[in-house]
Amino acid sequence: MDKLVSASAAVSVIEDGMTIGIGGWGPRRKPMALIRELLRSPVKDLTVIAYGGADVGLLCAAGKVRKVIYAFVSLDFMPLEPAFRKARESGAIEVMEIDEGMLLLGLRAGAWGCPFIPTRIGLGTDVLKNAPDLTLVDSPYDEKEWVAMPALTPDVALVHATRADARGVCEIASPDHYMDDLFVRAAKHTIVAVDEVVPSQHFHDPEIARRVFWERNCTQAVVHAPGGAHPSSSDPLYGFDVEHFKRYGELLNEGGYSAWADAFLGDSEVSYQSAVGGLEAIQSLPLPVY
Amino acid sequence: MQFTLAELMVCAASRIFDDEGEVLVTGIGLLPRLAASLAMRSSNPDLLMTDSQSYVLSQPNAVSGLKSHEGQANENWMGFARIFDNVWSGRRHALVGPSQIDRFGQSNISALGGTHQAPKVQLLGVRGFPGNSISHANSFFVPSHSRRVFVEGECDVVCSVGYNNGRLPRGYSFSDIDVRTVVTNLCVLDFNGPNKQMRVVTLHPGVGLDEVQDNTGFELAVANDIGETTMPSDEQLDLLSQLDPLNARARQLKNNPAGIRQTEETQS
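Going down the list, the sequences are from chains G and E. In the working numbering, each number is its position in the first sequence, counted from 1, plus 332. In the working numbering, each number is its position in the second sequence, counted from 1, plus 138.
Note that these hints are calculated values from the structure, not bench results. Not one of these hints is a red herring.
The following label-pair restraints were derived from C-beta to C-beta distances: (1) E:G209 - G:E575: 19 to 29 Å; (2) G:A595 - E:G291: 41 to 51 Å; (3) G:D594 - E:S313: 55 to 65 Å; (4) G:D348 - E:E213: 43 to 53 Å.
Once the Cα atoms are required to be at most 20 Å apart in a straight line, the calculated DMTMM-like pairs of lysine to aspartate or glutamate come out as: (5) G:K461 - E:E292; (6) G:K476 - E:D314; (7) E:K205 - G:E575; (8) G:K399 - G:E426; (9) E:K258 - G:E426; (10) E:K205 - G:D408; (11) E:K258 - G:E421.
Since this is a predicted model, take the numbers as computed values, not measurements. Virtual Cβ for every residue (Gly too), placed ideally from N, Cα, C.
Here chain G stands alone, though its shape is the one from the complex (with noise of 0.2 Å):
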């Protein structure tokens, strides 16, 4: 089976008021060739799960969610993200703001087809408050009371990995696969932008086997996008554009999104990465030190 397709055809499933979950964390591994194409696109009404950082700052800046389901949208380096800070600060979207691990929680119950898992997380704080869905409920095992965190099941995933082969089996080379398996696995239907494509017999080493978190059968299309999750890092083939961030920052700051996307979106991945440099430069970026 032969799912490489184009970053369009791939993002055209995603239809108004759809879930959508981005893997990534922050400024790492960020699907931003999916979500470019999602900002050329006329869809609107989204709901978005992600461990948020330019992904989400750009889809609120554009107008294109309804409401936003995290546990922190920031840069790590640039704490607080500028599109996102100023889409909540005007009452803009909805939001659901949860702790780190109750996302991780929701994914794996919708992964696991549960309707909630039981944690002790929340409670005590205002994540109870802000958040009216969450229902505390009463354990058959002790006295004590439990957040029932729900299944949080996106009708799409939008993950970057490293390299896939066209029938979908995917690598994640970097470090850390962050929560991807978990947002592929609760997700009806994933979308894997890779920055390699490779044969099959990639995936005959081992260690390369190991670097496989989730099955061919999860994945339903493969897009080539190398340098894809710039300006987020790919490791271990990039690193994260510092510079590009604060000029992201900057315009979103002074001119808004419009300042932005006139500089940088351009109608194609091509010519995105010719504003932005080159994809020789993209893949040039220092992996980062922490």
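Since the structure of chain G is provided, determine the placement of chain E on it from the hints.
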């Protein structure tokens, strides 16, 4: 040896971990991370720490001047999903810098003012604070002790649980909660006052109790044996320069004040 206020705070904060045994220690921010690293290199080599990416280390990485993660003292892989498995076991102690702390030891990093629908200032979001605070020990690092941080009422968004009867979940008691120590630029506090009231334990050299109380939005208890914060030893200062060879710690507090406060007379 001369030392700075940042170094005094780091050494005071490192003492939090002296008797913690084999816990995963997480210092968020340069000075908290330096404090945890110092403890791991001196008083408590049994601590576990990550490289802030995906490996647990048996020796902390330097907080400045690190060129690459290659060659670091990896002990085991531990991606972000796996961190929660450790967090929820309780075998962790985090040292974090919240934007607000209230009299209950509750803290806020999510947002300031306004409403939930439209906060006046959106900060980070609750991140892992709710889960951390109901699972394991937490301490706070406050570079600027003021009424803006130590707020009069409750935090604008309560991200972490504290010693608050009004919010105690059913089946829980204060003994299930472990908010341990607060290190500020003025003093060290704990929660061992009456009914877990926040309490001044030591004052930094040259700081008076009135100054601490004046900069705090609620009434503090005072330890019977209140003393002066222990000054860094030469050995600790030496380790700090190894762990932070580029002296990034000098750029964390405004004007990098001296550890022993200069009076106006000695400044002139």
